[in-house]
Amino acid sequence: MRVHRKGLLRVTVGHATSVLAWSRNCVRHEYTMKEVIFLKRMVQQVNARRVLELGTFDGASALAMAECLPDDGELITCEINSGLAGLARKRASRHAHGHKVDVRTGPALETLRHLAGPFELIFIDADTQNYVHYFHLAMELLGPSGVLLIDNMRASELVMSGGGPETNDSAVAILELARELASDSQLDVQLAPVRDGVMVITRRRRGDLLEP
Amino acid sequence: MKPIVPKAIESYAAAHSVPESTVCRLIREETFRTQEAPQMLVGPLEAAFLKTLIQSIRAKRVLEIGTFTGYSALSMAEALPDDGQVITCEVDPGTASLAQTFWDRSPHGKKIEVRIGPALDTLTTL
Chain A
418 MRVHRKGLLR VTVGHATSVL AWSRNCVRHE YTMKEVIFLK RMVQQVNARR
468 VLELGTFDGA SALAMAECLP DDGELITCEI NSGLAGLARK RASRHAHGHK
518 VDVRTGPALE TLRHLAGPFE LIFIDADTQN YVHYFHLAME LLGPSGVLLI
568 DNMRASELVM SGGGPETNDS AVAILELARE LASDSQLDVQ LAPVRDGVMV
618 ITRRRRGDLL EP
Chain B
364 MKPIVPKAIE SYAAAHSVPE STVCRLIREE TFRTQEAPQM LVGPLEAAFL
414 KTLIQSIRAK RVLEIGTFTG YSALSMAEAL PDDGQVITCE VDPGTASLAQ
464 TFWDRSPHGK KIEVRIGPAL DTLTTL
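Protein chains in written order, with this note's numbering: chain A, 418 to 629; chain B, 364 to 489.
Simulated from the structure, these hints should not be mistaken for lab results. Any given hint could turn out to be false.
[What the hints assert, rightly or not] Far from chain A, some chain B residues (derived; all Cβ distances over 10 Å):
hint, residue
1, E373
2, S380
3, E392
4, K414
5, L416
6, I420
7, L426
8, D455
9, P456
10, G457
11, E476
12, P481
13, A482
14, D484
15, T487
[Stated by the list, open to error] Derived, one-sided and incomplete: chain A residues facing chain B with beta-carbon distance under 10 Å:
hint, residue
16, V463
17, P535
18, L538
19, L558
20, S562
21, A599
22, S600
23, V606
24, L608
25, A609
26, P610
27, M616
28, R620
29, R621
Note that beta-carbon positions come from the ideal geometry of N, C-alpha and C, so glycine has one too.
Start from the sequences and build out the full structure, keeping to the hints where you can.
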């Protein structure tokens with residue numbers, strides 16, 4: 418299986434070596450190959466030059482996305498834990514595409530207020546209780562044709578194991594955000610069944626709002 | 364067709380994705396009522412996938428091979444700008460004309476052009 422996936426990644430995305438190393442190392446965060454492929458494909462799909470990430474963790478996803486950015490591309494990633502931010506910087510310093518990665522230490526809500534848009538891709542993978550706030554700030558920084566990704570939609574926890582949202586504050590926050598998104602007529606939203614569920618959000622273009 | 368994602372997960376994902384339009388719902392219902400292989404219809408979640416894909420690349424022209432009853436073509440047309448276009452190829456004139464009757468009921472139907480015949484032939488003329 419590992420050989421098969423390795424082959425698949427090479428064929429579909431390329432630059433696979435470091436990603437494979439992370440997939441072995443990231444025990445706690447459990448990045449799967451599938452999500453890394455997904456993120457890299459999104460960067461390519463939107464032809465991104467600037468990417469914003471909330472929740473660096475160990476820098477694995479940031480470096481994976483950086484591999485798909487052009488040479489003058491930029492990936493700003495926010496991490497509240499200074500130890501993790503340091504680890505990510507160290508990894509970036511040893512990585513061929515690491516010069517594109519800018520790790521900002523501190524609460525993401527603070528960092529976001531000081532950033533200027535636009536970003537073509539924004540990936541929210543941070544503390545879920547703040548997701549609604551992150552969403553609103555992210556939409557201000559997202560370019561007109563940008564894509565917003567929101568990770569950890571808790572598909573497995575909320576559906577497969579039969580757990581209800583009432584047991585979990587962050588699940589309540591996620592479901593509230595999901596409902597708000599799905600009912601927003603300015604957005605197209607897809608909950609992609611990747612890993613734990615990734616929300617893919619795009620803005621509708623003017624002139625397509627006469628639906629249904 | 365056996366889905367690769369568990370049904371409960373797919374339902375959860377669909378419930379939190381952009382809902383299908385009224386005309387798409389009518390196509391889906393008619394397809395499951397009258398067609399022998401209704402599972403060929405892509406359904407709401409894949410339609411949401413196609414829509415976000417179209418938005419993210421700011422597509423204006425889309426080419427589809429395999430119209431079936433027109434659900435995916437209409438879903439994609441809904442995500443295109445007013446001057447957007449879906450060219451969709453279908454070998455079965457029966458399902459193509461059924462699709463057309465539904466597209467005519469949507470403000471986005473004018474963006475769709477169906478080419479009836481073997482897609483391999485149609486593609487060489489595009």
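Hint check results:
{"no.": "1", "hint": "E373", "verdict": "violated, 7 Å"}
{"no.": "2", "hint": "S380", "verdict": "violated, 5 Å"}
{"no.": "3", "hint": "E392", "verdict": "holds, 15 Å"}
{"no.": "4", "hint": "K414", "verdict": "violated, 5 Å"}
{"no.": "5", "hint": "L416", "verdict": "violated, 7 Å"}
{"no.": "6", "hint": "I420", "verdict": "violated, 6 Å"}
{"no.": "7", "hint": "L426", "verdict": "holds, 17 Å"}
{"no.": "8", "hint": "D455", "verdict": "holds, 27 Å"}
{"no.": "9", "hint": "P456", "verdict": "holds, 27 Å"}
{"no.": "10", "hint": "G457", "verdict": "holds, 26 Å"}
{"no.": "11", "hint": "E476", "verdict": "holds, 18 Å"}
{"no.": "12", "hint": "P481", "verdict": "holds, 29 Å"}
{"no.": "13", "hint": "A482", "verdict": "holds, 24 Å"}
{"no.": "14", "hint": "D484", "verdict": "holds, 30 Å"}
{"no.": "15", "hint": "T487", "verdict": "holds, 28 Å"}
{"no.": "16", "hint": "V463", "verdict": "holds, 5 Å"}
{"no.": "17", "hint": "P535", "verdict": "violated, 14 Å"}
{"no.": "18", "hint": "L538", "verdict": "holds, 9 Å"}
{"no.": "19", "hint": "L558", "verdict": "violated, 16 Å"}
{"no.": "20", "hint": "S562", "verdict": "holds, 5 Å"}
{"no.": "21", "hint": "A599", "verdict": "holds, 6 Å"}
{"no.": "22", "hint": "S600", "verdict": "holds, 9 Å"}
{"no.": "23", "hint": "V606", "verdict": "holds, 5 Å"}
{"no.": "24", "hint": "L608", "verdict": "holds, 4 Å"}
{"no.": "25", "hint": "A609", "verdict": "holds, 7 Å"}
{"no.": "26", "hint": "P610", "verdict": "holds, 5 Å"}
{"no.": "27", "hint": "M616", "verdict": "holds, 7 Å"}
{"no.": "28", "hint": "R620", "verdict": "holds, 7 Å"}
{"no.": "29", "hint": "R621", "verdict": "holds, 7 Å"}
Violated hints, listed in ascending order, are 1, 2, 4, 5, 6, 17, 19; each of the other numbered hints is respected by the structure.
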